[in-house]
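**Q** Given the coordinates of chain A, work out where chain B should sit on it, guided by the hints.
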Amino acid sequence: DIQVTQSPSSLSASVGDRVTITCRTSQNIYNYLNWYQQKPGKAPKLLIFGAFSLHGGVPSRFSGSGYATEFTLTITSLQPEDFATYYCQESYHKAFGQGTKVEI
Amino acid sequence: EVQLVESGGGLVKPGGSLRLSCAASGFIFSSCSMTWVRQSPGKGLEWVSSISSSGNFFYYADSVKGRFTVSRDNAKNSLYLQMNSLRVEDTAMYYCAREEVIGVGRNWFDLWGQGTPVTVSS
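Taken in order, these protein sequences are the chains called A and B.
Heads up, the first sequence is in our numbering, so the first residue is 1 and it goes up one at a time.
Heads up, the second sequence is in our numbering, so the first residue is 1001 and it goes up one at a time.
The shape of chain A in the complex, shown without the other chains (with noise of 0.2 Å):
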């Protein structure tokens, strides 16, 4: 089975800030990568597909990299709205990374 592992698990951020999540396969998925926020008691989000799309109404403070093995969330300029959790998936056996918790 493919292991999708997220880093750090979670990370404390001011608004303004830069962020960057990290997920890592354990097999070369190409650029089948995709990621979802979530706040609490809601469902999740589409982000971003296919390692750097971004989904239609996310705002471009995010964004999406990386390819096979080693891909990156990035959000610049982190807002109040942010404050979340993110996941990883990769699309080819829709398995999620453990998520990633932004806190203030």
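Be careful, since some hints might not be right.
[Claimed, not checked] BS3-like mimics (lysine-lysine), calculated; alpha carbons at most 25 Å apart, straight line: (1) A:Lys39 / A:Lys101; (2) A:Lys45 / B:Lys1043; (3) A:Lys45 / A:Lys101; (4) B:Lys1013 / B:Lys1043; (5) B:Lys1065 / B:Lys1013; (6) B:Lys1043 / A:Lys39; (7) A:Lys42 / B:Lys1043; (8) A:Lys42 / A:Lys101; (9) B:Lys1043 / B:Lys1065; (10) B:Lys1065 / A:Lys101.
To be clear, the hints were calculated from the coordinates, so they are not data collected in a lab.
**A** Relative to chain A, chain B alone:
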């Protein structure tokens, strides 16, 4: 309005059964693959099952294979998850989601419902 609304969750004893439903509106349901994702309390997301737009192809996580059955009724714009032989570890919020598929392994979940809770306990 484009939305997915799940229902059917509840409290069930170990070994019992439950059928979840997901009602779709605002988009052409019969053209879309659909999926179920669950989240145990305080835990991360786990893909459970997917079904093709026609209903002819379906896929399951190993953790539910042989116990859960996914199905759909395109005439009713509805997705279902029949859950049998339920275990305590199946306790979770169950989300249905629309799956955009552009090729083998190239897919993502672009629309989610609000979830329906399932608790398996004696």
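**Q** It remains to establish, for every hint, whether it holds in the given structure.
**A** Here is what the structure says about each hint:
1. Distance restraint check for Lys39 of chain A and Lys101 of chain A: the Cα-Cα separation of roughly 10 Å lies within the 25 Å cut-off, and the hinted pair is therefore satisfied.
2. For the proposed pair Lys45 of chain A and Lys1043 of chain B, the alpha carbon gap of about 17 Å is at most 25 Å, so the pair holds.
3. Between Lys45 of chain A and Lys101 of chain A the alpha-carbon distance is near 15 Å, which keeps this suggested pair within the 25 Å criterion.
4. Of the supplied pair hints, the one linking Lys1013 of chain B and Lys1043 of chain B holds, its CA atoms being roughly 22 Å apart against a limit of 25 Å.
5. Taking the CA atoms of Lys1065 of chain B and Lys1013 of chain B, the gap is about 19 Å. The hint holds against a cut of 25 Å.
6. Between Lys1043 of chain B and Lys39 of chain A the alpha-carbon distance is near 13 Å, which keeps this suggested pair within the 25 Å criterion.
7. For the hint pairing Lys42 of chain A with Lys1043 of chain B, the CA-to-CA distance comes to about 14 Å; that is within 25 Å, so the pair holds.
8. At most 25 Å may separate the alpha-carbon atoms for a hinted pair to count; Lys42 of chain A and Lys101 of chain A meet this at roughly 14 Å.
9. For a cut-off of 25 Å, the pair hint linking Lys1043 of chain B to Lys1065 of chain B stands: about 21 Å separates their Cα positions.
10. Under the criterion of a C-alpha separation no larger than 25 Å, the hint pairing Lys1065 of chain B with Lys101 of chain A is inconsistent with the structure, at around 30 Å.
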